[in-house]
Amino acid sequence: MAGKKMVSGLINANPVVYEKKERRVRSCPSSTDEHIDQLEVSDHIRDIKDPEHPYYYLEELKVVTEDSVEGDDGKSYVRVTFTPTVEHCIMATVIGLCLRVKLLQRLPPRCKVLAFPLLLRVYEHNRRDTHLTR
Amino acid sequence: MTEPSQLVQHLETFVDVARSPTQQAASLEALVSAVEKNALSMQELVREMELYLTTTDNVVRARGILLLAEVLKYLEAKPLEGAVIHSLIGFFTERLADWRALRGALVGCLALLGRKGAAGVVTDTDAEAVANSFLQNLQVQSLAQHDRKLCFELLECLLEGYPEAVKSMGDMLVYGTCEAIDGEKDPQCLMIAFHIIELLAQLFPDPSGPVASNAADLFDVMGCYFPLHFTHEKDEEACVKRDTLSRALMLAFSSTPLFEPFSIPLLLEKLSSSLELAKVDSLKYLHDCALKYGANRMVKHYKGLWSSLKETIYSSIETHLSFAPESLTGPGAPDEGVQKEALNLLQSLVMQDASFLSFVVGDIDIDIVFDTISSYCHFKEMLEESKRKVLAISEILSVSAKASASSCNKIFEIVFFRILKALGILEKNSEGDYIPQEDSTFSGRLNQGGLFLCIGLLTASKDHTLSSKEHSMVSSCGHEMWCSMVNRSAFSLIQMFSSAAASFDEDDGGADAYLGVKGLLTLGMLHGGSSLLSRSIFDKVLITLTSIITAECGKTLAWKLALKALVYIGSFIDRYHETEKTLTYMNIVVDKFVMLACSDHVGMPYSLILEAASDICLTGPKHVHKIIQGFEEALCANWSDSCVRGNSRSIENCVLLLDCFSNKLLPRLNGVVEIDDLEDILLQFAVSIWNKIETCRVFSCTHGKELIDPTMMAMRQVVAISSVETQNTIIQKAYSVVLSSTLPLMESIPSKPVALEALKHFDLSIRDELILSLFASTIIAASPTTDIPNVKSVVHLFLVTLLRGHLPAAQALGSIVNKLGSGSRGTKISSTSSLEEAYKIIFHTTFEVGKSLYSDGSGESSSGSEINLTKFCFGDYDGMNLQNHAITGLAWIGKGLLMRGDERACDIALVLLDCLKTTDSSGQVLQSSSMRCAADAFRILMCDSDICLSRKFHAVIRPLYKQWFFSKTFPILESSIVKPDTPLSRIMLYLAFTHVVSNVPTVVILDNAKKLYPLTLEGLSILIHDPLGKDAVYSLLLVLSGLLTDKKGQESSIDNAHIIVNCLVKLTSYPHAMLVRETAIQCLVAMIDLPHRRVYPFRIQVLQAIAKALDDPKRRVREEAVRCRQAWESIASRSTRL
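Protein chains in written order, with the working numbering: chain G, 867 to 1000; chain X, 585 to 1722.
So that you can see chain X by itself, here it is in the shape it has in the complex (with noise of 0.2 Å):
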């Protein structure tokens, strides 16, 4: 910026207040990038400007300085030399008394103070004139808001940046500071003010400084903000939230133990206060202010916060006791709230001072509890306040506990025989002492309050072992006094504990058996191995623990809770890597459940073992190692009797095996667990299935068809999750087992057509269906990528059992096709003529058909007496229902191709929307049942299956692939549709189409609103006579709903809104489903957003519909018919809305 010219030019603009900002911002983004690259020096600048800073405009001299401080803003890293920072900061002092032009005053200063290091800094002297300037010239209170925030951000500048320059002012400062904050109310301005007294109370620790001495002066100007409350805003709209504020405050409040004669009294006193917030803030303060402020500072005050603290615990404290598994090992105290803030209080006075507990032990309410429990044993009998009260000096034992092992010794001094008194597990020894029993059954009134007491000091001592843990510290707890003090008595506290746990009073929500429960799992929890607690302790917890679930023939409440507890112990173990307790529960709790599934007569349902070992496995890689070996010999054994002896019982174990370790085990093992070799052992298990059924030949007949549909399950999940490496082996297994059965896969394509005559004799024993259905799965389950051997003979096996009706080679084949050739890896035939010969196996392999089979021999057609796949689904050959059957077959075939995209799943529609008119173009006669499923073929493309062709079986699905179908179908269909050829056709199409439209996205349906509209109504007053319809009804009439419920959509609502008033009218009585009457009610409550005059001529007809409505069997449709009618009743004018 050479030219002198352009230079004043920016300075005009800048100055004159009548341009725009965004002239303005750009004007002084071109001086500073001026300055920047050195082509204007700082002191060009302050020469070319001196007019406009020192002219008598106030306007334009207050625009002129805070340019040259917005100049310096931008400039804060380039380097300049003192003298000239020296000049300016001396500039700006000075005019932080002209209160006319103070915005660029203060933007200076900040902008000077701010700067750092080598780029050159104001030095103490000129900051202390700053700081002297600002006190003598600033009254902050009468500025507007965004000069006091700079004010502020000058003022913790200064303390900041230059606290030994400012030191020397001492009281002044103080002083200064109080009088700018005095009556701030901008949360903005609080925060900073509120970081400005700590910062203070940081320069001035001296007890005789400058703070100590205005302290009360100090205290009194922020302590009025506590606690601290918005009224004005909400939470979320303001620009400071409420909490960061309050921690900005609190950490004023504790920053100088110099506060603490005005500021716990204060607290204390607003501890009392019934207001909710205040209490959490005020015993956040006091925690933080506590722990700042010293042990020596707090000893004053520690009555009166015992006391108080006492009184908000009790009120805060739940005294509804939840029994159920999951509060087992959820947490005991809520996560935030009083309750929490005034336990964590509680627990850091106890850690910061030992003195503390003397007032917890010695206060006279644990007398009072023990009175209580030794009086009344269950819960249930004690009076509230009494119950409230054990409950509350329980947390507070507990917590107390958990503070130090100094505490947690005194505590268990203190009260933990006494609570061992009130169970009746002490005794006298000879020498009068009360020592625990050994090795006595406990035969006594079990007492509930005396067992809460307990387990709660038990969680304490557990939460010390885990945290010296988790500070990775040698666990010393075994030396400790309480740690003796458990073990001596851990025998017969088991014994009680089991005992409670045994109790079948189920009256008080399962009270005994949850806390014996649970008393159990915090023993089993006491970490630090054998040096802690002897190991025959942890031992006998988990056996006692085991024999619960064992012992119990249902699934009661002690069940579960045992369960839940083994469970929470095997991965807190895993969790810690207790090698020795791993082996310990691998041995006693791992072993034992996968012993229990293999063998067979034990009390207990066969379901409950599988579901109790699936759960105890997940807790650790090991052990879903053992498991599932357990699982697979469990079903070997099983499988081997059923053969061989074809035991009922073995084939119904088998059956709940494979269940749970479909539905239960494998599910949850992906993310729950990290487990190396589960490639392996899922492979072994896939491969021992193979393996038994190559080696058993025989499968009674009664039974055997059950084992299909869970063994299949199983194969599939097996399949899905492995690697591509473990696929390719169990299909090479597989297809070897195919190879050894009787099934007829061939080795290489006949070249001659297959013999109808054949396929009509050709029966599957039901270890061939086993097979090929096992086969099917594994072939769905596969990945693009695996190789499948032999690709031609096996979708020509597939092709041939599917005319048989065999749904899962139908799906096999879809799957086949929708995968071949897409995967990454090349196989040795090239990609895409893969899928070209498998496409030429299905459609065009040929059957042959005799002569005097062919019963309808008179048209053209039958001349050539091979037919394919296609020509099947139009004719009934034989009575072999080879037509439906090859049409859901062609279904699943085009659903695969569908789904990656293939233009010839267009080819298959077309072939299925000519079985649904009643006779084709040959003039063949279908029947109804083939129409039905021709029908439904389009709900196979188009709806998602779980069991085939989704992403889970790694489906190859092409974005968007519904859509595309839609475009292309939706034309066909609407003309077919326009001229069927018999009123049976015309309903079929209607199903069809229903299919269709229901499972494309909505936003595909508005989009065609215009279209859809007549055929959707013009459907449902079809389907609504088919009483076997009910479900497209209601799909469709969900179609109608979308319609009309969108912006996009209404538009042709209001022209067809005749139509569809009589339509939903009629479908408010729709007999067979009681959701399309309700769905129907609530779419004429949606038609009345339509335009007024357009809806109001059909008040009388939907009110008269909806009366009889309300007389409708179902309460739902009833409900809303009292909305819809209260609807349709307001948009009369004159209507009385009662």
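Excised from the complex, chain G in its bound form (with noise of 0.2 Å):
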């Protein structure tokens, strides 16, 4: 099995794939309150492609979803929880780059971003409590 692994190269040769959500449509465009929200740093991330599987987004591979998004624009802090598509996924930390320099490019400056693996899918639930690692 490992040895197969290593013929392939590839930590998880055949993610699943889902279907890209169709983007959101706020309800009111001319609202006069327009933070920074969960939505819109959502649409930034969407489009970076997954560093293993060159060929789809990181949406696809639900390895980002619009609720990994956390944040405030008051206090000037935001969060995402990825989730890679296998446990032990060496590229964890790369995706983790990947979503923090594209967030810092596209965020005003005074943004703090964080960026944590999660470990275990199933565990998605109570990710607060014990399954974050930094």
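No wet-lab data here; the hints were simulated from the structure.
Since the model is a prediction, treat every value here as computed from it, not as a measurement.
Certain hints may be false.
Under the rule of at most 30 Å between Cα atoms (straight-line distance), these lysine-lysine pairs were calculated in the DSBU-like manner [as the list claims (entries may be wrong)]:
#1 G:K978 x X:K1698
#2 G:K915 x X:K1698
#3 G:K968 x X:K1698
#4 G:K978 x X:K1692
#5 X:K1650 x G:K978
#6 X:K1317 x G:K968
#7 X:K868 x X:K964
#8 X:K1698 x G:K941
#9 X:K769 x X:K868
#10 X:K1692 x G:K915
#11 X:K733 x X:K769
Each chain sits in its own coordinate frame; assemble them with the hints.
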């Protein structure tokens, strides 16, 4: 099994590919309050390609979703929690770096950007408690 | 061509392959014209060519034969003797065996076989010889594409032109054709090949003939092409469109019933394919084949056909139902695609053979569907699959019923009462039979599935009545069984539909309301007068729909649906000229709404009444007539009411009425319906407004003002669309009202100056203001040929009122100077002089200024105590704001002159420019508000207005007048800007500059790019500090972006890159308008296209500015900033792009 992986050279040779979600349309485009919000941040990162599978976007592999972004415009921080396709993915650091660089480029300089990998997909519901690693 | 040497020369040129194609074509042409003019006979030519035709040099022989063939091709219409034709065709027939010189032989045969009638044709014997030689000698598939095409053309020509000659060849011909076509891949050749098969099938229809015996082979050859699919090219690029080719193949398929055992199984097999294209093609082919093969041949496939067809319809049906008003009258099924083709096929099968219907009505799924609808009342409760079945079966039943009267009867007989039972409107009579309830109020639970099925059937029967009308048959539907069934149940149906329409359940997207209204609509459209449905049913439908509209107090879905349905019924009966129904419609619907419009206290809001009324009246000319009269009456009544009692509600109603009239009704009158006496009605409308004003002498001050704008608008529109005669009448009427008012309209122009003092005390009453405004709008909308009575005093009136700040007066003056004298009709005064006179009045009428009132009396200019319009612009007299009014008035007059291309517009522009300077030539100081006013005057001059001096209001417009004005004023503006008096004056000059530049076409801007760049950039950097000038900044920025994005402008951009970047960077943080920031960032992106070495140095500066823009409060700006940052980062060679 391990040998086979070595041959292909990929950590996860056959990731599950999901359909790209339609872009959510904002309900009221002309609202006076236009803070940087979850949707805007996730729009920035949805078109990053997966470093291991450059044909797919991170979004298609559900490495990032709209819900993986949290942040507060007022307090100037953004935190992205991404879930690698397999738990032991050594690409996690690269993905994290991609996310960070992208967001640093696209968000105002005052924003702090953090990007964490989530260890196990199945534990997504209680990620805040135990399964965050830096 | 008597010279033999010349002839030889031509022959040599053509035969020599080293010569250019043009030379060869020229010699061919020379030969053709020589033969045509009888300077050279065919025999002589052949004799002369003998060597070329028989030489053993393959190339020369091929060219020689081709030359002869080409000559013959051009001489198809030239009469030739039979013997000549015989020998020529004999020659070419023989040459078909010569594969090295085949092209010429093919062209020659084609040319000769294509000859017609009197020119001399090939005999049948010769044609047969050609065919024989063709079949024996030619291996079509081993030839190149063009030769193959010629071969097929030859075969086609033989089959089409000489059927009797080739018929005797029988099997050999069919077999040869198969061989020739087999393996062909070129679309152009295939087009002909398919046609050849069609011709063959027509030639041998005999069931024991050669086609019959070779049908399997023949079908093998063409069946493999189905379904046609182009792999290599896009459809648009191909020389033959896929659809055209597919149609040709279809005609070949259906050309003879002998193909039936092979084609139908193939088509049914492909129908079950998952490819959409294959499905559509199969259905189209089946449709065509079924029609042409006939019912006898098809009957054995019915079972298979029905099951495939049903599956196809199931899978293609759209389960998402739209209950929006738009889909109420739209086509139910899509225009193309699988569903439409499948239903088409079903309909034609039923139409062709009634026995097919037994498969449809005997289908088990119908029972399943009835089970579904009786257990679930709402669509949303049903499973997706069940819903799909309900919708599909509804379509199937409806389409089958549409096929013929007998099928309609049968379907109704089997399912109609079942539906009614499911709906709960059947009751048992004394004999135990089910009959529809009579006159009972419906109180059961609504069944959406049942309603849907019922509407489907009613729609089908509606289409029956329509098709019989279109074929101008006497409608006999009244005697049909389905008709009596509908008649018997109509009242219960109406009951149920109306209770559905009144349903308030909007949970499921208004399904109940939609179905209810749709049902009523369908019943209302059953065509055929009282012979079909009793008139009371139609009445009842109309009454129900009308009451839905009047019962609702808000604009609910049911309201919109019902209105749409009524409008549809109205235009429907107008289209089919049903006099009886038109009358009913008029009595029940139109009269009702006219009455509502005239009455005051009704439950529903007045604006909704007006909306409904204006929508409904557009359904027919008579209705328009009625409604305009109704509006007129309502307006008069409300007007009087508001004048006499000061009723504020009446004023509101008047305003609503006039708004509706000019915004909804009038714009839609053109083109929607042809109305004969529209002119008269409009005239009457306008005149009665004037009458009302004339008779109502008192106006309540509080509300009267609200009326002015809507009335003006309505008057403008009415006059604009009227003919010149009508306009004349209206103006005469208006003039007489003006005369009767207290407005200072002088019968003759006073020779003495008007006292300014008088002007000061001259105050307009509301009534006078209304009269003046209306009169002005009448003049504004009049065409140049319309006569204005007593022009001079009218001009004078407007001049005086203009100074009092009455804007319509200024616009009317502009309109007068624009149109005066340019009409084609000669007026009494010579045309130019009348303009001169008006001009004279405007600019030379002087006003007397009392010495005591003249505040700044020190200058020399004050020596004369008389001043005119121009001078008003420079000085503030008496604090009456005269200055600003005069400037605005001057702008409108200037606009009128400018649009007709009058030179004096430039004089006015000069005056306005002088106003922009802080001190004028006489040293008087101007106020800043007046300066701004003068700057705005340039906007009035250049901008298109939609209330005055537009094409709609018959303005005289000289082509390219904006360019002309630009070229005249730009140099002056440029020089004034260079040496301004004060910073304020500088801002104002730039404002004026912005108005001029941003309104000229882009081409002009690009042509003057070099000169415009410095001014535009400086203007931006100055206007940026003027908080009131954000619109101007935006306009100017757009000019800059136009310069940046165009190739022509880019040259100058390179020189100014540094200043541009500085300016744009400043604008990215412009606080007053988001659009400016957004556009500035877009311009920065556009700058990337400039040469790299020029742009690169600004990288850091731009990126710093953009970093700030990333934190912009507006999201759109941030999005642009992200894009811009990416673009600018990418110009550094080593930056990483993620």
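Practice task
Starting from K868 of chain X, check that the Cα of K964 of chain X is at most 30 Å away, please.
Solution key: Violated, at roughly 34 Å.
Practice task
Could you grab the alpha-carbon distance between K733 of chain X and K769 of chain X and see if it respects the 30 Å cut-off?
Solution key: holds, 11 Å
Problem - Restraint check for K769 of chain X with K868 of chain X, where alpha carbons must lie at most 30 Å apart - result: holds, 23 Å
Practice task
Starting from K968 of chain G, check that the Cα of K1698 of chain X is at most 30 Å away, please.
Solution key: holds, 20 Å
Problem - Proposed proximity, K1692 of chain X with K978 of chain G (alpha carbon, max 30 Å) - result: holds, 15 Å
Practice task
Starting from K978 of chain G, check that the Cα of K1698 of chain X is at most 30 Å away, please.
Solution key: holds, 20 Å
Handout entry: Proposed proximity, K1698 of chain X with K915 of chain G (alpha carbon, max 30 Å)
Key = Roughly 28 Å between the alpha carbons, so the hint for K915 of chain G and K1698 of chain X holds.
Exercise for the section: For the pair we were handed, K1692 of chain X and K915 of chain G, check the Cα-Cα distance against 30 Å. Expected result: The given pair, whose Cα atoms are some 27 Å apart, holds under the 30 Å limit.
Handout entry: Hint consistency between K1317 of chain X and K968 of chain G [alpha-carbon to alpha-carbon, up to 30 Å]
Key = violated, 73 Å
Practice task
Measure nothing beyond the straight line between the CA atoms of K1698 of chain X and K941 of chain G; if it is 30 Å or shorter, mark the hint as holding.
Solution key: holds, 18 Å
Exercise for the section: Take the C-alpha atoms of K1650 of chain X and K978 of chain G, compute the straight-line distance between them, and say whether it is at most 30 Å. Expected result: This hinted pair holds, its Cα atoms lying about 27 Å apart.
In terms of the numbered hints stated before, the structure departs from hints 6 and 7, listed from lowest to highest.
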